[in-house]
Amino acid sequence: MLEVDVKNMRQEDIAALIREADGEPLTLKSCMGQRYIGCGMKNVNLTLTGTPGNALGAYLDGGTIRVKGNAQDAVADTMNNGKMYIDGSAGDALGYAMRGGKIFIHGNAGYRAGVHMKAYGDIQPVIVIGGTAGSFLGEYLAGGTIIVLGLNREKEPITGFFCGNGMYSGRIYLRTDEKPVGLSEKLLMRKIDDEEKKSVIAPYIEEFSKEFREDYKKCMDGTFIVIEPNPKNSYKELYAAVS
Amino acid sequence: MRCNLIPSRFKVIRDNEACVSCRICVRECSYGVHSYDEEKKTLKADSTKCVDCQRCVSYCPTGALSIVLNKNTFRPNAEWSCDSLKEIYRQSESGGVLLSSMGSPVKSIPRYFDRILLNASQVTNPSIDPLREPMETKVFIGSRPERIERDERGRIKDNLPPHLELDTPILFSAMSYGAISLNVHKALAMAAKELGTYWNTGEGGLHEDLYKYGDNTIVQVASGRFGVHSRYLSAGAAVEIKIGQGAKPGIGGHLTGAKIIGDVSRTRMVPSGMDAISPAPHHDIYSIEDLRQLVSSIKEATGYLKPVIVKVAAVHNIAPIASGIARSGADIISIDGFRGGTGASPVRIRDNVGIPIEVALASVDQRLREEHIRDRVSIIASGGIHNSADVAKAIALGADAVSIGTAALIALGCHLCASCHTGKCSWGIATQEEELTKRLDPEKGAERLVNLVHAWTREIQEIMGGMGINSIEALRGNRLALRGVDLNEKELQVLGIRYAGE
Amino acid sequence: MPREGEVRIPSGCAISGIFSRDRSLVNGSVIAKSISVMHERSNGLGGGFAGYGIYPQYKDHYAIHVFYDNLQSREETERFLDRHFDIINLSKIPTRPNPRIKDAPLIWRYFVTPLPHRLSDSHLDEDEYTARCMIRINNTIGGSFVFSCGKDMGVFKAVGYPEDVADFYRLEEYDGYAWTAHGRYPTNTPGWWGGAHPFALLDLSVVHNGEISSYDANRRAVEMYGYSCNLLTDTEVITYILDYLKRKQHLSLKECANVIASPFWSTIELKDDDEKERLSYLRKMFPSFLITGPFSILVGFNGGMMALNDRLKLRSLVAAEKGRKVYFASEEAAIRVIEPELDRIWAPRGGEPVIVTLDKEVRR
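Protein chains in written order, with the working numbering: chain A, 1 to 243; chain B, 1 to 502; chain C, 1 to 364.
Watch out, some of these pointers could steer you wrong.
As the list claims (entries may be wrong) - Capping the alpha-carbon separation at 30 Å, the derived lysine-lysine pairs in DSBU-like fashion look like this:
1) 444/B with 212/B
2) 86/B with 71/B
3) 138/B with 232/A
4) 29/A with 325/C
5) 11/B with 438/B
6) 186/A with 271/C
7) 193/B with 284/C
8) 248/C with 138/B
9) 271/C with 179/A
10) 83/A with 217/A
Hints are computed from structural coordinates only; laboratory data are not their basis.
Quick caveat, the model's predicted, so the values are computed rather than measured.
One chain only, chain A, in its complex shape (with noise of 0.2 Å):
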């Protein structure tokens, strides 16, 4: 497998790299904020040490891309297809308007996870977040899955404020029997039956525990709880048609 060290390397030059490798198995040493890494490639076999900078594997149409340690701001990015595994924590706007592909975040997710990620036929997107995330996770939610497993938390919330504000379509799942504070009321809210946590969430789950070495039956234990978009309070009722 190569590695390369790209402790001082520009980010061009990454890219150049990564192009070359041409979806052989490529590990970068070292990344120190260098940007846009793997961004809008189809066939990528990353694997990242350091602390890889904003817009990692932003429009990323294929291929895996593993982080060992933490992810900046604007991870996947409008993502279309791919798996990514971050074995730390993202920063803000992760997975944005994201399409197509799975996220795995072994830690925490920052504001702004799924906002806007959509589904199309059986192009279905996911995020994992082993640990919690920051306020508006899944806002304007317009398809797909995100589930937040909350591991080893201990006072504060799965989430943060404004849970699914907007969201249209797609499920969030949490593992948790709260529910998020102030969950907007155009949302419902319920606890999931065995059935659902085994057909749903369980093969996400699964792939996740396997990845991050966690335990399987931890990850799956006790009540989750599911938000999705109330369809009787659409925002019809807030426009008057001018004739």
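Chain A is already provided as a structure; the job is to place chains B and C on it using the hints.
Only chains B and C this time, still in chain A's reference frame:
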């Protein structure tokens, strides 16, 4: 032979093919325009009596009626308008002061709100979707001390005087019981409660049935002191001292005895059938220090639990006047602009005295800032607020909140026929005739008012969201959010805004 | 092209900060290295640093840093300083040529103390006296701009990328217990050194990322209290608001944060009664100083530092600890580059300040 120099202004057109002679128009018209000719079995209309209140049009089940302008034309004269001639005919016939109703319709005085444009965010900071993200329109109005104080443990003491808490920066303007019906007061009170804002009694007292809405009521004290007693003063959330109003600065009020009947008489505490006169000034206020005395006496009488509002008309030296009011102990200054007005007022005063709210507000806000006292008091602007954009512009010019009178009445059905002074309001608003007042269902009225203010609030939130502002405090006095068009240097300077493109 | 102050120039940016709780000194080159990682967030139109504890030999004197357009403005300013202060030391601020730093003004430094009789005649405390004198120089003496005037601290800034600015000012020759840094991305080309950041008044300095949407509401409010926002920048108005709340209203830093990044009413509602009352009071008392729109700021002051995000956290900000040192930056990489192994790293929540101060035993 009778000669009528003033031709009727409107013509009632009836589509005889559509008309089914149901006579609803006869019943609905309170001005006696429509009648049924029993012999000929047809409906007639006397257009000379028509005020174009649109009541008959709105209620005609077959859409057979329309009211149009009379096409009859006086010989065109660039110097003398048709209206000028009519006014002279009218005054030479009667010897009277011209009387009309509602705010000034004068076209030659600009509506500055229409020449101000609002900003929006692009790239350098994000706009906000108010339907999905937090967007706060809540505002507290009242006065503030100069500094914070701490207790012996170092905790901040609550040294704030009482404030009014508004869920949206829109209040209902003062309109008195007597000038308008009890049902209108009821509708306003219910709507204010539902909306988390305030309605204002005007100067005619508070009807017994409405004391229960006290938490959302501003009780007014005007020069006539109608219905003012200590229970009244304590009934509301705030007390407003009315010095003047936009439609008739410097002019008192005159409610004819015909309207002082029954509960109006009882509420105002004046004998039935007797005219109710509001003196032009408060005869206990001949100077600014006297205002301080009145403010203080009201605070004393209400145990310092209620903010005191002083309402003035926007006149030429409004900035120093407002400064004087701010230093009088008043908590809130309410400024009513040139175009304000519901109910009757003398035409010449209405159309020639005072200044538009936009410039008055801008100069007051700036002056209070120059004197370092803007944060000590709050400002309510009124007089010409037509829509939510006007509200946003007024706040960006420096208002804490606005109040709406005309727009509220329009929501209740008013068609601005400017006939309030006749007491025959066909929509049951500006009348005390039972047959007419019952036309307005207070519950339905309240619902319409709530809808209107909710809709405006949503629009204000859209406007704020576009600017990337999510709390109304950050819009207040934020004049960079505004740009002018079709304004000269002086106007821009007074408004404190830049020209579009600058 | 209008100069900064004649036109409002919004800008995006990068920020970085280091604070040693135990007062151990950090060389200026360290903060320069941190901010340079975020090169992408600046566009070469402004960079700067603020260092604390950098002038131990003059720690009881105000260190006045001034940009002069010409000799005449210098002479006039020095006459003014002479009339109002005892000037202990004056010199050019040492610089070295850097090919990317151009059009440098004359840059001078003075260590001063208010003339005792002038100070007592003014009936002001020495901070207020000094602040007013500096504001007067900036407002009335053409071609002079005081850009730093605190005790035992100094601002160094220029038009250029931060790493070039550090090189130009020979930042490696300074050691301080706290540093903040800024790389600027203005949406216009001001080409004026005074407009670079940090912005400072007395020992209070602010670096800031984001464009606030409440700008003019805040500006017009703070100008009521004797401030004059000449630069029309967000950083300037934030600095003045903090100075007003902290120095004149005697609010604690946490209270200042609760004013400028007040929680939403819906969030205040969730707090316990005492906290609800406290937060409501601050919001009702100082509504004009609520700042909306995106910002992350680092506020430096003698003996401490505060990091704060807007309440929606529209700008990124990361905090970290290693031993007695605390780090802040717009991006994690800017911290890792100077301290790869951290004890703790976290993202402070929107509107919740992180305030660090010197350990008791090393306070002076």
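Could you check the structure against the hints above and give me the numbers of any it violates, in ascending order? Result: no hint breaks.
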